[in-house]
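**Student:** So the chains spell out like this:
2 protein chains.
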Amino acid sequence: MKKLINTPGSVVEDALRGFAAAHPELRVDAEQRVVSRPQPSAGAVGLVSGGGSGHEPLHVGYVGPGMLTAAAPGDVYTAPVPDQVLAASAVADSGAGVVHIVKNYTGDVLNFRLAAELAEEQGIQTEMVLVDDDIAVEDSTATAGRRGTGAALVVEKLLGAAAEEGTDLQTLATLGRRVNERSASFGIALLAGTVPAVGRPGFDLGPTEVELGVGIHGEPGRERGRLTPARELITTALEAIDAEQRIEGDVLVLFNGAGATPLIELYGGFAEASAWIQTRGATLARCLVGNYVTSLDQAGFSITVTTLDDELTRLWDAPVQTPALRWGR
Amino acid sequence: MKKLINTPGSVVEDALRGFAAAHPELRVDAEQRVVSRPQPSAGAVGLVSGGGSGHEPLHVGYVGPGMLTAAAPGDVYTAPVPDQVLAASAVADSGAGVVHIVKNYTGDVLNFRLAAELAEEQGIQTEMVLVDDDIAVEDSTATAGRRGTGAALVVEKLLGAAAEEGTDLQTLATLGRRVNERSASFGIALLAGTVPAVGRPGFDLGPTEVELGVGIHGEPGRERGRLTPARELITTALEAIDAEQRIEGDVLVLFNGAGATPLIELYGGFAEASAWIQTRGATLARCLVGNYVTSLDQAGFSITVTTLDDELTRLWDAPVQTPALRWGR
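Protein sequence lines, in the order shown, are assigned to chains A and B.
So the first sequence is residues 62 to 390, counted in our numbering.
So the second sequence is residues 62 to 390, counted in our numbering.
Wrong hints could be hidden among the right ones.
Each pair may be met inside one copy or between any two copies, as identical chains are not told apart.
The calculated lysine to aspartate or glutamate pairs, modelled on DMTMM-like cross-linking and capped at a C-alpha distance of 20 angstroms, are [to be verified]:
#1 K63 with E284
#2 K63 with E74
#3 K63 with D265
#4 K63 with E293
Hint data in this document are derived by calculation from the structure and do not stem from the laboratory.
Whenever a hint applies, use it, and build me the whole structure from the sequences.
**Tutor:** Shown next as structure tokens:
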């Protein structure tokens, strides 16, 4: 294992220290492990997400005006504990309630549910938006039902914009579920990532093998495939998505790197995705290309397609000011 | 070699197609291989950079308001040809002249010089700002004198802000040279990157070896070192920089990933850099943490330290709207 780390046990703590030093505009509670905006919009519903670390910039990098109010990063690939989610919820609540944006993994769902009960006892209303966009497998080693992946970013961005507009708790939760329903993802791994505490790659891939439908923790996908030209891999991913949720109309595409894939490859891959979508007759209305929802040092990519409508497009375009996503004023 | 590519020969062309699809706000001339802003500020001096591809988002990702007017990406790790730089200069010139920001590699310097002569014949005034911030080695396999690395981003950002203010050609060139003189960099590789057309890693590193002072094309540094905890590697890099250019006062730190290093490791490394600088008595006034000046799929990091003053801080804070760097309005 060759990593830029101090010790496997200090990876999350060290990264949070660095995050705090790099982003003094955010509040980092190292003890509780909560990252939050210091001044949420008055009266706005709070948005809290969290999950295992190792997917950076998800979720800590999406805290800020126009996106999350607070994030609770767990250990590497490990759900945050209920008390931590409770602390994040308390920080995020201004009296209007808090939406929990939760990727569908058993541990995350359980701990957010427990946190919601604890929050309720403290008078904090919560609603959960479950993200389960990864259409590669139904049920998996870590989930009942589909896994949650790239759509987490999309839900966080769109709900963040809606929350800034003063949208109420129930409406936000309904919107979040709608965004999730309109989103579908598929990932392909070229090289496995290594969890620091484990010290060896999470799975074995031969020199010409890829994992089709891989999860963001390196979970098995549908099958092993052959490392073909990018065009074929991307066609495989888009056809899988299209079979589940027809790619048509205006779409938002997140062409996402798994963490160790350089930008030159991602742009090359995106060229093929863009061409496929155009041939298909759909419109590439918005896009993001880069390492946004990662899996430690896994190499490969995932594609998330969200079918837009006027409301979602407007919310996507609204200003956002976070470490990893920023536009508008 | 496991890469998300179509063929080794089409990597740059494919990436530019993807870049064009992702960034319709920029003009991508695929034939000339020039990326430019469609509407540069009237009367402003043009800023052109370029160099081998494989360092993305450098330089194409830094084209836009507040930064470069145009960029000329060469083949992977290969200088752009003179005609290409000329085309970029012609697009960037609004009559006030063009600054060429050139990383100090023999091929780049030669081709930008030839392009400057051709530009002169067309009535386009140019000034060259040579970037040679990498203090690891004096002369190298690809340079006379120091190599240019992370400071290219800093020069591009600061001159971009100054150009927007209407600063003239000579003053901009002088400013650019001043920024370069106040910047120093040092890089460490954990794993070598692979040039697609070559198909194997550019150098060999044992499982516990690192290359201290590595260049952005995988050029040899000062020596092989041992893979130690991040804290020690970062101390080595900062002490090397400090020996050459004392780290004091207000500093801007670019904590940069080599392309395949995930953000969780970069933030962890940045925690150590930040702590070192604080202990040293200097002030971390501004920073960037991420994969900004990469080396294909090389793993590792580099640190660039620029000593700020009031003018440079103001220019750093000025609005910028490019694919890879954006803040302000």
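**Student:** If a hint holds in the structure, say so; if it doesn't, say that too.
**Tutor:** Status of the hints after comparison with the structure:
1. Only between protomers do K63 and E284 lie at most 20 angstroms apart by alpha-carbon distance; the minimum there is 18 angstroms, versus 28 angstroms within a single protomer.
2. For the homomeric pair K63 and E74, the shortest alpha-carbon distance inside one copy (19 angstroms) is at most 20 angstroms, but the shortest distance between copies (32 angstroms) is not.
3. When the C-alpha separation of K63 and D265 is checked against a cutoff of 20 angstroms, the pair qualifies both within a copy, at 17 angstroms, and between copies, at 14 angstroms.
4. Taking the closest pair of Cα atoms, K63 and E293 come within 20 angstroms of each other only across two copies (15 angstroms); inside a single copy the shortest separation is 31 angstroms, beyond that limit.
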